[in-house]
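**Q** Just so you know, the sequences run in chain order B and D.
Residue numbers 1 to 596, in the numbering used here, belong to the letters of the first sequence in order.
Residue numbers 1 to 360, in the numbering used here, belong to the letters of the second sequence in order.
Hints are computed from structural coordinates only; laboratory data are not their basis.
C-beta: ideal position from N, C-alpha, C; glycine also.
Heads up, some of the hints might be wrong.
Unchecked claim - When the alpha-carbon atoms are kept at most 25 Å apart in a straight line, the in silico DMTMM-like pairs for lysine to aspartate or glutamate are as follows:
1) D:K112 x B:E450
2) D:K112 x D:D95
3) D:K352 x B:E540
4) D:K72 x D:D307
5) D:K193 x B:E450
6) D:K304 x B:E450
7) D:K327 x D:E345
8) D:K344 x B:E72
9) D:K259 x D:E311
10) D:K89 x B:E72
What the hints assert, rightly or not - Some chain D residues near chain B, calculated using beta-carbon distances under 7 Å:
11) Q75
12) N79
13) H81
14) G83
15) T87
16) A123
17) T350
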Amino acid sequence: MSAREALSGATLRRAIAGAGFTRRVTQEITRHGFGYAASGVVGILVGAPAIAVLLMSLRVGIPGRGGPLTFENYYRAYTDPIVLQVLLNTFLFAIGTVLVTLLFTLPLVWLFNRSDLPGKRAIFVFLIAGFLVPVFLRAIGWILIFSPEVGLLNTLARSLFGVERPIFSIYNLPGMAFVQGLSLVPASFFMLSAAFRAMDPALEEASYVSGASRLRTIRRINIPVSWPAIAAVMVYMLMLAVSLFEVPAIVGWPARIFVLSSLIYFAVTPNVGLPKYGIGGAYGLLMMVLGLVLAFLYFRVIRETKRYAVVTGRGYRPKMLPLGRWRYPALAFVAVYLTLDFVLPLAALLWVSLLPHAQAFSAAALSKLTLVNYRQIPELIGLRPFVNTTILVLLAPTLSMILSIFVSWVVVRQRFRFRGVLDGLAFLPHAVPHILFAVALAYLALLFREVLPIYGSVFIIVLAHTIAYLAYGSRTMNGVMIQIHHELEESGRVCGSSKLRVLWRIVIPLMAGAVCNAWLWIGLLSYREVTMALVLRGPENVVLSTLIWQLWFAGLAPEVGALGVVLIAVVVPIAWGARGLFASIAHGYSGGTDER
Amino acid sequence: MHKVRNEADPVPGLDPWAGGKKALCAVAVVALTLVGGDHALAAAPKEVVDAANKEGELRLYWTSTATDTWLKRFQDAFNEHFGTRITVKDTRGADWARDTTKVVAESLAGQKPVWDLMLTTEAHHNDLLQAGLLGRYEWAKLFDVPSQAVMFNGGAYAFAHQVALPAYNTDLVKGADIPKKWEDIFNPKFNEKIGASTATHHWARLSQFWGDERTTQFVKRLAAMKPRLGTLADLNQRLHIGEILLIATQIDNFMRVSKIRKAPAKWAEDLDPVLLQSITVGPLKGSPNPNAALLFAGFLATKKGQDLFQEFQWQSSIFVKGSPYWKFVQGKDVVLLKEDFMAKELQRRTDKYGAMLGYR
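Bound conformation, chain D alone (with noise of 0.2 Å):
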């Protein structure tokens, strides 16, 4: 087994954020530590399991990917664990940012927000937070949840990650021309045929580990290669298709979806760090459900709930040893945001290399 490498490998030269190395170093502990045993359940207190099942019903936000069967089993696994009877009601999310921002609109207008629970990403749960909507949670000692998992002082933790890496028709691309590392993307085969996505964001996370400089003449290296711009169900159907040969970042849930069709995409698994997002929940503060939510949130801490994730996801926690990104990660450098980062530079750097892509 790998160990996850504590320290990033900055180009001479090139003077990286140095924020960056310590979001970096904080990761690596948090990479160390987590390799410290399975996270057993601790009883979930009588008191939130009986509110939970008084209120009967769970409004939840989650992935567009659900079905009605996905909802059905996370239901009755989730009922089972905690021997309750709560009906889930499902909203399932195509525009993140946009929900988020509807919930706060909602919140401002003093409406109760039209779900108990979001799962989303840290970013989004980020402007929960700074929108006061998230509570206050003993995740730790409610369900075990890893303490290095637990965000926003407590509002919320993350229970899976999404990885981002470049992806290549394999068709196409093989041999030497497979990227190893990431600035093998500038090879100029894949002049005007690779793909640059909506998903900016990606080259920010980046930025935390290699420092703004670094990141900024990357971006300028791929704008200039006439990247096809769009978003990245668009461009993966492009790279299927073979109308374009890589996209500079895919996440999961495509490579996933391309994975179980056998269409000719791939990651390339060599490069270094890895990008990470964390999927991350918590319940909203004034919610109508809100023992339901806090319990749920728990369930997905437990073995069966981190099960059902990857097995509908293919999404795992990299805190939690044995999973398949925990296993993914090792030996190599991972991009979690700090929080710090997330507040401060995030948006704005985002903004920029967007903008350097010809996004706005």
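So that you can see chain B by itself, here it is in the shape it has in the complex (with noise of 0.2 Å):
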């Protein structure tokens, strides 16, 4: 063979093997197109801002200001004597937080979507009216029933059993982490309720022939059953009870306990010069790398999805049990609940929004009543906050949940190879502090206006809910998709239908109240989320959220008290109507199931 000849083989044998990448990178994408697609979409909106925290700690000095990489961010933060005592409390209020909030939930969604608790629709509504109480208010709440000083509870132990020193107080790592996990139970609760509400009752019923008790049935066939569900909650809580900021600095500062949160904040929020976001960044990293951590534990326990199929071609019928003689024990679980994060935080705010100035419960108070704070609602607030914020609720949750539905679809659902990694992104808006997540967001949206123009919108706020609440859309929408047998796709496969008509009339019809419920919590996170659109924020987006967040740092917290209660009077109605709908859509999805 001439040197020629071989030439011309080795050419030809590159180009065979090049035809042969290029055949399989094609055939890679035409498989998986959906799962690039999503990949694609979720690593720019997720990815750039996390770049941007990334970059951002690693650099001094405020964003787009440039200068070498340094990793003087992390010595200063990681240097603090306090930063070892800080990590200490996190862990421990962050535990607290998930025990209190699973406490409460499994028990509460278990009676509401697997027995025949009377009164559902109610407990809906309180558990959404409960929400809207802005965090800060139901802390003067909290002060005026648990504060050692001039607490309801300390004041009537000291007048009744003369009790010297307080028997009650929040000021203190269980008392923190008491407070947050009860304000997050109505958020695991619409997590986990689709869950609960998928099981096929034919698994409990064959339990109980057994002669399991309900108990039992309860730990050996809901718990496991639900897994992915309740890991999907025990991740995101977690993340979350580290990441939230107004408890601990409301029940935390008093008693000098800090947490990872609060070393964000005083970085991030200065009373004298700008704000040192490299050294929140350096904080965030160890947020972001814990957050991931946890997405990779989620996501080896939904690799198996086969495990937790119910809803299957077979036969899906769910079906409400009846509680017996457990209902009014079980009556009176959800009253104590009730009590405590509806009943309580109302009385506080309605009180706080009839007296002129926050002041404990006393006869003399009474005297003071006053309906002032009302009647200046319309002068605090203009038309603009409502017609954004209206636009934010409906927005947000509707470009969530179809990105949340996608990356859910692909991770579960596909055997894209990448799927882990989709997943952790999903995941990572969720750990990177949401403070910084906006900083850089209005960075890159600074940087890119001419493309996109919308900063200073109401859209960039919008955008960043979108991003933000894919972590919790997809957490809800991977514990829900998962119980869904594949042979119902299988079938829809069979008959030739494309895999996008498969998800769109099998998958997401069989999902539709859990879809609902979550779009309806995600609108709900964005109506009250304050940190990031208050990054975000410029003349043309005010939302009630930051409204009311400037109102209350301006010491008008009767004004505020009497805002909430509005707004409450507002969303119960619209809450109740919307609880009959979405039971309708479930109910003609479910095969007739009533469980309104």
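Hey, can you piece these two chains together into the complex? The hints should help.
**A** Structure, rendered in structure tokens:
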């Protein structure tokens, strides 16, 4: 063989190998086009701000100023003598919060979705209404009730039993975890509801027929079958507890108990000088790493999808189990929870809203009751915040849910090789401190304002919330989608339907109730979210949450209380109607079980 | 009428920061000079008025306590004063530091500032100055602003002041327990029932007067009382409820709210020195409506502007003879930040005293 022939042979082989590679890539993309598309979209939406946060942590000064990369922020952040104590506090606080949340949520969600508990619609509405009370106003309620000095309980104990030292106090780690855990019950309730509702009662009936008690059935059937959804809630709430700021600030600071979010707050909210976003980013990176570890562990749980499938083609018949003599203890449990999370905060809200200034419960204060705070509301709030908030709570959950369903479908239903990475990416926004995420997003929006002119408009808040709540939406959808057996989709595919058509006609209808619940809940989260909205705020995009925040920080707590009461009065009938509508949707798809 | 005192009275044995004396002298000179007469408005140049009118709009960043009614009142008074037809669009700031950063970041990204004019404090305007976002204006010549009020080489001026002093619950703290001097807040009765807010720059300001060493000892004693920590708003609620008896420093914005609502809260007014924060204003360089911004800033120096702001925020300028705060500081020492101190010491000392109290 001549050199020339040998050369052309090698070229030919390279060409064939090249063609093979191209064909494999083409086949891979064709086969997993949705996976790559989802990864691309989520990668850009989540990855760009996350990288911006990372860069922020490696630079000194404010975003956009450039300068060399340095570990100075990390050095300053992690050599602080209090950091070890703070990390320990954060760990204990987060674990305690998740325990308290699950302690209330698991029985509540079982009673609501698996039993014939009466008054479900009212409970649903109370859960939503309680969530609408701003955390700092709830705090006044907790102070009025649990404060060692002026709290109602300690005052009663002093007058009734003559005790000198306070017997109740929330100004400690268990108190913080209790208050925070309680406030997260509605969110976890909505995340778990769909999974519990979708459970096939045949499994429970088989357990009862075998002689197992209700408790044993819950322990051996309900919880294992719902494990992916419970794991999702645990992972989500753990991260949330690590990142939330308000409760540690209101309950922890008075006792000088700091957690990671307190340090981030101090770094980015100085009272003199510019925020130290770099130091915030250095603390934030720890949260991102923790988030990714949790996302990895969670993905290991949901990998075995077939183990958890309960909605199959052989008949899916959700049915409510009769409580019998347990009905009244069950109602008592619900009443205790609602008293703690709805009645007391609402009572405090009403009390504060009817007084000229916050004061402890007393007969003397009754003589000062006034409606003046309610009359101030139109003066304090124009029309724009309502319009912006309406746009926000309609668009953000819609976009977030579309993305969440798409992501979950790829993660849970497709054999896409990078689905673990995609799931981790979808969880990442939850692990990045929201304040840093918003700063990064604002900076990117400024850089790309010619391409996407949303800076300063309500749409940048919509985008921020869409991305931020992707973690919530995708965790909820993962938990539900995992329970739907593959055979339902396979039958659709056998009949010649495309993947998208199967998703649209089979998977989504089976999850309709869960989709509605998650949509509603993201809407509520969006309505209440203040951190990102404040960072992204301009003259044109004020929303109600930022308005409430600024009124609170101007010392106008009674007006905020009055506004809170009015909003609850408006939302309760809407939530009542929505509950009926959602139950109808779920009813229509589930084959007839009425759970309204 | 009392005279504003012009000397500090340091405690023997504790050597105040040397610059503090200089600062105090400067403040005293300023305070004495300002006693000299009302500041009638010089006619605003016609070209500024015309250009502002042509712009037709002003994007104003100001206090979170503003309402639509107040915005309209300011807009109407402003337009009436200059014969203009300018629409004022406002943003009510909840976090001045973060919003200042936002403007700086916008500027770095090549974006025009989202606001034309910011009504914030001298410390925030100092940050804008460092970022090159303040221009240079002849405030005294254009609007007859007292020369002592002009800051940052004409980039901004102090049109009003904010007072900070300890505040106590009038139902629970009476008679001899009411602090008469700063050290009285260490009354054992207030142990664990005193609030120390996130506004730790108050201690840094005090240190300009007292010096670092004395202030350090003071904050150390305060920290030993195990104060309740929190934001000013949060501590104000706790003071009203009676959970704490005293807030180590509370600003006038909250005292105003307390007074309007007849809440049981009052300043310990006998304390000396009085902490002052300048409320400053200055057009942002590169903003879309620079002339409207300049004109509105000038309006705040007029009698009409001063009276309206006093009615709105209960804050006035100590540089304007006869104003409520001018009267309040007579016979007292006042602490006003020097630009030099602001640039070199304010941040460091704020962080230091904050860390001593438990903040980071």
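**Q** Checked against the structure, which of the hints given earlier come out wrong?
**A** 3, 5, 6, 7, 10, 11, 12, 13, 14 and 15
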